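Student: Each chain, letter by letter, is given below.
Number of protein chains: 2
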Amino acid sequence: MTTPTYDDIVAAARRIEPYVHRTPVFTSTYIDNRVGAFVFFKAENLQKVGAFKARGAVNTVLSLSDADAAGGVITHSSGNHGQAVAYAAAIRGVPATIVMPHHAAKVKIDAVRGYGADIVFCDQAERATVLEELRTRTNSTVVHPFDDPAVIAGQGTASLELLEQVSGVDVIVAPIGGGGLLSGASLVGAHAGIDVVGVEPELVDDSYRSLRDGVQHPATGEHSVGDGLLTGIGSLAFVILSEAGRRILLVSDDEMLAAMRMVAARMKLVVEPSSATVVAALVRYPEEFSGRRVGAILSGGNVDLKAFSA
Amino acid sequence: MTTPTYDDIVAAARRIEPYVHRTPVFTSTYIDNRVGAFVFFKAENLQKVGAFKARGAVNTVLSLSDADAAGGVITHSSGNHGQAVAYAAAIRGVPATIVMPHHAAKVKIDAVRGYGADIVFCDQAERATVLEELRTRTNSTVVHPFDDPAVIAGQGTASLELLEQVSGVDVIVAPIGGGGLLSGASLVGAHAGIDVVGVEPELVDDSYRSLRDGVQHPATGEHSVGDGLLTGIGSLAFVILSEAGRRILLVSDDEMLAAMRMVAARMKLVVEPSSATVVAALVRYPEEFSGRRVGAILSGGNVDLKAFSA
Chain A
1 MTTPTYDDIV
11 AAARRIEPYV
21 HRTPVFTSTY
31 IDNRVGAFVF
41 FKAENLQKVG
51 AFKARGAVNT
61 VLSLSDADAA
71 GGVITHSSGN
81 HGQAVAYAAA
91 IRGVPATIVM
101 PHHAAKVKID
111 AVRGYGADIV
121 FCDQAERATV
131 LEELRTRTNS
141 TVVHPFDDPA
151 VIAGQGTASL
161 ELLEQVSGVD
171 VIVAPIGGGG
181 LLSGASLVGA
191 HAGIDVVGVE
201 PELVDDSYRS
211 LRDGVQHPAT
221 GEHSVGDGLL
231 TGIGSLAFVI
241 LSEAGRRILL
251 VSDDEMLAAM
261 RMVAARMKLV
271 VEPSSATVVA
281 ALVRYPEEFS
291 GRRVGAILSG
301 GNVDLKAFSA
Chain B
1 MTTPTYDDIV
11 AAARRIEPYV
21 HRTPVFTSTY
31 IDNRVGAFVF
41 FKAENLQKVG
51 AFKARGAVNT
61 VLSLSDADAA
71 GGVITHSSGN
81 HGQAVAYAAA
91 IRGVPATIVM
101 PHHAAKVKID
111 AVRGYGADIV
121 FCDQAERATV
131 LEELRTRTNS
141 TVVHPFDDPA
151 VIAGQGTASL
161 ELLEQVSGVD
171 VIVAPIGGGG
181 LLSGASLVGA
191 HAGIDVVGVE
201 PELVDDSYRS
211 LRDGVQHPAT
221 GEHSVGDGLL
231 TGIGSLAFVI
241 LSEAGRRILL
251 VSDDEMLAAM
261 RMVAARMKLV
271 VEPSSATVVA
281 ALVRYPEEFS
291 GRRVGAILSG
301 GNVDLKAFSA
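So the protein sequences, as listed, match chains A and B. Residues in the first sequence are numbered from 1 upward in steps of one, following the numbering used here. Residues in the second sequence are numbered from 1 upward in steps of one, following the numbering used here.
None of these hints come from the bench; they were simulated from the model. Quick caveat: nothing in here was measured; it's all calculated off a predicted structure. For glycine and all other residues, C-beta sits at the position ideal for the given N, C-alpha and C. There are no misleading hints in this set.
Simulated crosslink set (DSSO-like; lysine-lysine; CA at most 27 Å straight-line):
| hint | chain 1 | residue 1 | chain 2 | residue 2 |
| --- | --- | --- | --- | --- |
| 1 | B | Lys306 | A | Lys306 |
| 2 | B | Lys306 | B | Lys106 |
| 3 | A | Lys306 | B | Lys106 |
| 4 | B | Lys306 | A | Lys106 |
| 5 | A | Lys306 | A | Lys106 |
Over 10 Å on every C-beta distance to chain B, these chain A residues come out as not near it, computed from the model:
| hint | residue |
| --- | --- |
| 6 | Pro18 |
| 7 | Asp66 |
| 8 | Gly71 |
| 9 | Arg92 |
| 10 | Glu132 |
| 11 | Ala192 |
| 12 | Ile194 |
| 13 | Arg212 |
| 14 | Gln216 |
| 15 | Asp227 |
| 16 | Glu243 |
| 17 | Leu249 |
| 18 | Glu255 |
| 19 | Arg284 |
| 20 | Tyr285 |
Construct all of the structure, not just a fragment, from the sequences and the given hints.
Tutor: This is the structure in structure tokens:
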């Protein structure tokens with residue numbers, strides 16, 4: 001598996017353009033004043049399926065050969081990636097199977113079904129086995145949530161668009177879980193000669209430690225309200241981000257929840273805690289951003305609304 | 001006092017353009033399928049001060065003569081209009097006094113103070129007396145929340161923009177409280193030859209009954225979760241909407257709250273219950289909108305986030 005290039009991201013943008021939103025960019029005088037920076041928020045919470053994940057999944061499924069596509073696609077996910085693959089398969093007109101945990105939220109189950117995908121429920125511990133068994137039986141193709149060049153190229157289109165929409169950006173800030181979004185941002189940033197910074201919950205800080213130590217650490221196994229970021233850093237992301245010398249800022253769960261509520265109260269946008277990491281980092285580390293033009297990716301908006309009552 | 005014209009709205013749009021957002025328009029496949037229509041949501045919840053009220057207040061304060069402006073502006077408001085007048089006065093660089101009830105939400109008090117306005121607290125029953133006393137003492141000009149041609153012209157710019165942003169709109173839907181927003185929509189709709197429909201909470205249905213009976217009824221005095229819509233229909237709005245033969249749809253408080261949560265869950269936008277009236281009406285009266293291209297104004301987003309936990 002080779003790392004994707006900037007040109008792959010440009011090609012992905014052309015490929016997925018009819019099927020994803022060119023999401024708007026918002027500013028907040030309140031947050032600018034609080035941070036002492038000029039922050040441009042790329043609202044991927046308003047993306048198809050409510051998260052940037054639509055970009056990578058659509059790019060990957062549209063990039064499959066006809067022979068591979070004919071067998072359908074399969075993935076396991078309790079979250080946004082499952083919806084994204086279901087959506088992408090519907091576009092391509094091929095079958096999709098999403099392996100989900102028994103405890104998956106009903107709203108996510110309904111969304112996946114809404115795109116016409118099949119759902120197979122299993123215990124979290126068995127999901128790899130179940131996935132592999134289904135894959136061989138149906139001759140389908142696995143769409144990985146992040147450790148795939150086509151997925152990373154697709155996620156990179158969010159940063160590509162952001163730089164088209166806003167001039168003079170000095171730094172892009174994005175959350176990191178498996179690292180697809182941040183790797184895409186890193187490739188775009190490297191091409192444009194601008195800084196890229198990741199943000200990760202303190203409780204699941206494997207990416208922070210991996211890039212610090214030069215060793216790919218596994219996921220901590222801890223939980224965090226940033227439930228889209230629990231997974232360990234992917235192999236491709238580790239290579240891309242290490243080679244570019246990218247750094248990660250850590251934020252607490254309380255800071256993420258406060259930031260999520262601040263975005264709702266001040267910007268009138270619903271973002272999920274994983275997305276609020278970037279806002280939490282802006283507020284906690286103003287010295288990193290002071291006086292700079294910051295492109296901040298609000299990665300998704302799929303959150304239980306109960307989380308808004310503190 | 002004469003009713004404003006379409007040309008007044010065009011002039012207002014030019015006047016306020018540097019100071020207000022050209023708010024984006026969003027669509028939702030989910031809501032389209034549910035209603036059987038093509039709905040274009042004008043996101044005035046993303047407007048300055050979090051509501052369309054910025055348009056009317058800025059137009060009014062910028063329209064004052066230098067002599068009138070010198071004395072400053074004054075209004076009473078527990079809600080969005082107070083913030084809007086404070087914002088408009090800050091733009092013009094003149095003093096503003098906002099008369100607020102003792103029970104006003106801290107976040108709204110802070111917002112008004114943030115724009116540099118003075119706040120005078122009083123009991124709700126005394127607000128007219130307090131306002132008049134302050135007005136004569138300071139020689140300031142009252143900015144009415146809706147019953148003023150300049151305010152209505154300003155609010156009309158929301159509909160003007162919507163028709164610039166979306167082609168082929170068949171009908172505009174907007175909430176009605178005092179009627180500034182809906183009157184502006186009505187004037188724009190009449191010029192463009194398209195239908196305009198208002199939505200009002202059942203519990204405060206004076207506009208519905210006023211237009212039905214041809215008599216300007218006072219506010220019901222009841223409460224509703226649509227706290228921006230409790231006031232009675234204004235005299236100018238009554239004339240404008242009566243002459244145009246506009247009609248009002250009624251929705252319940254429960255329908256408004258469900259619609260507010262649906263917009264947050266599906267569209268990732270925070271809207272206040274008063275705004276959710278239009279979505280509630282789309283869902284309750286699909287036969288009114290079936291097959292049509294609907295411009296729906298999401299009027300504001302200033303809501304206590306606790307309201308999102310059902």
